[in-house]
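Novice: Respectively, the protein sequence lines represent chains A and B. Using my numbering, you'd call the opening residue of the first sequence number 1 and step up by one each time. Using my numbering, you'd call the opening residue of the second sequence number 511 and step up by one each time.
What the hints contain is simulated information worked out from the structure, not anything from laboratory work. Where hints are given, some of them may not hold.
Pairs of lysine to aspartate or glutamate residues, derived as EDC-like cross-links and limited to a Cα-Cα distance of at most 16 Å, are as follows [stated by the list, open to error]:
id	chain 1	residue 1	chain 2	residue 2
1	A	419	B	560
2	A	67	A	55
3	A	12	A	45
4	B	602	A	424
5	A	389	B	567
6	A	348	A	364
7	A	300	B	553
8	A	67	A	8
9	A	347	A	369
10	A	351	A	364
11	B	602	A	369
12	A	109	A	32
13	B	532	A	387
14	A	419	B	563
15	A	254	A	507
16	A	300	B	567
17	A	348	A	360
18	A	389	B	533
19	B	602	A	333
20	B	516	A	345
21	B	535	A	234
22	A	389	B	540
23	A	19	A	58
24	A	340	A	369
25	B	532	A	449
26	B	574	A	234
27	A	358	A	345
28	A	419	B	567
29	B	602	A	337
30	B	578	A	232
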Amino acid sequence: MTTLSIAEVRAKVLSGELKLRDVVEASRQKIDAQNVEINAFVYTDFELALKQADEVQEKIMSGTAGKMAGAVMGIKDVICEREKPTTCASDILAGFESVYDATVIERLKAEDAVIVGRLNMDEFAMGSTTEYSRYGASKNPRNTRKVTGGSSGGSAAAIAADMVNASLGSDTGGSIRQPASYCGVVGLKPTYGRVSRYGLVAYASSFDSIGPFAHNVEDAARVLEVIAGFDEMDNTSSREPVGNYVETVQNPTKNIRIGVPEEFFGEGLDPEIKEGIEATLKKLEDDGAELVPIHLPHTKYGIATYYILATAEASSNLARFDGIRYGHRTDKDAMLDELKAEEEDLKKAIKAADGAEKKELQAELERMDSALVRLYKKSRTEGFGMEVKRRIMLGTYVLSAGYYDAYYGKAQRVRRLIKQDYTDAFKEVDVIVTPTAPTTAFDIGSEIDDPLQMYLNDVYTISANLAGICGVSVPAGTHSNGMPYGIQFMGDTFQESKILNAARLVEMLD
Amino acid sequence: MSVTEKDVRYVAGLARLQLSEKEVKTLAGDMNDILGYMDQLNELDTTNVEPLEHVIEMDSRLRKDEAKAPISHEDALKNAPDADSDYFRVPKVIE
């Protein structure tokens, strides 16, 4: 029942064939049976979900239901839901309960979506595998030895395992599209500013976007149509009118111009994925699409540019976690004892020392942390995982005096060059096609100790975030290793209709 | 540019993190690898390129100046690790 589309559920409820409560029950059974292994959900509330289902059922029968009636959803644990735990899969937010709904949650509820729970992710959305989570790794439903991708791995796995029929994730460098590719589902990253970020815990504010996962393109379109649009609570949200995405998907245009960038089909791409995507493109061409070779010359600089800017923004955004207003706080008495012991040790050492050494030790005593600063340090150190610390450190470094221009300033300039590549390309084509990721999902644990290698997984998705444009990943085939892979369409700013149209054409080839 | 262990300790202080000696070593290695990779941006001449600060151009408009119900006092303190009925509590700062 959780494989039915939102529209199918609604229709079956209206015809009396199904009760919405049964679909929610089916979701519960799936999660009960499989979540121990898959680890997609980190929290569920079926009591509330069943109550909501009964209310929506009534509305469907009386013809007053909203656009999302029939959707049974999970939400990535980085999006605030009132009175629900919102932990970002981090120890620093263990026990935190949001005191308000994110705008996207408000809109989904207003349109009668039923939300059953919260989904696993890499801590603070920093990662490409969902292994960096306080709840442990999510596992790929297609093969549980493999990663789900990340950082929205729970959101992708919940769809792939048929636990729900739609979910929300967030995408800062590929965190929706890459797990969608690895798990064989549809995932869409909207244009920057298309969807309000109010209530999304910030990772890198100039890149972050919230978007949908679903079994099919139409459901992704339906969710997007509801969550998109201006919000006065987010002044980077756009007033650009929201498209009729569902209608577009229901009547797709076949004669579209598809840009094929050479830079995305070269070294590093799995040859089988390359062949599969080329075969898909050939079919689209046979159906009336025009393939246009294009160039995006600054593509190879994307990862370096992204990891400078995103870590810089992260180091600033995560400064708010200090153990004062919310989140983990270190044990105060132990911290004070530690500080006192350090001070006494230093004083003893000063007494015993002389000359230059004495001076140095005295300076160290002067520089000693105040109790408050030590409280910040210990709370943060205990609360953040290693990858988050690594990114905070990188970000702090590239923003620090003496390096700001060399790294941050330089990356902002290169970001403009990358954006210009896309602006130029979209003068000639409707959409740009690429593989979503260079490989299929790899083994859990295989890249966790090599951060740079981990970053390189984002090579095909990261440009869309740098340019602020939209992108969608739709399943394109299954590799001989048994794992799925996706095809990505990128569209110019606010051209979500065009990428959804293209994604629907691929879906129709099946 | 090479990141020394001393640099790592200094940056950790700025970032309000305490690192073990082992973490300092690991991070110095990681940061050198990653920053080394980032140095490839220097292949590009960006002398005449303006930094991109806003990826989507949009006009900022001010909201109407009207009072709205904020998050309640009680809610604001709800997740505090230490608070009384009015304030967040922190360790003594002034000796």
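Novice: Which of the listed hints are broken here?
Specialist: 3, 4, 5, 12, 16, 20 and 21
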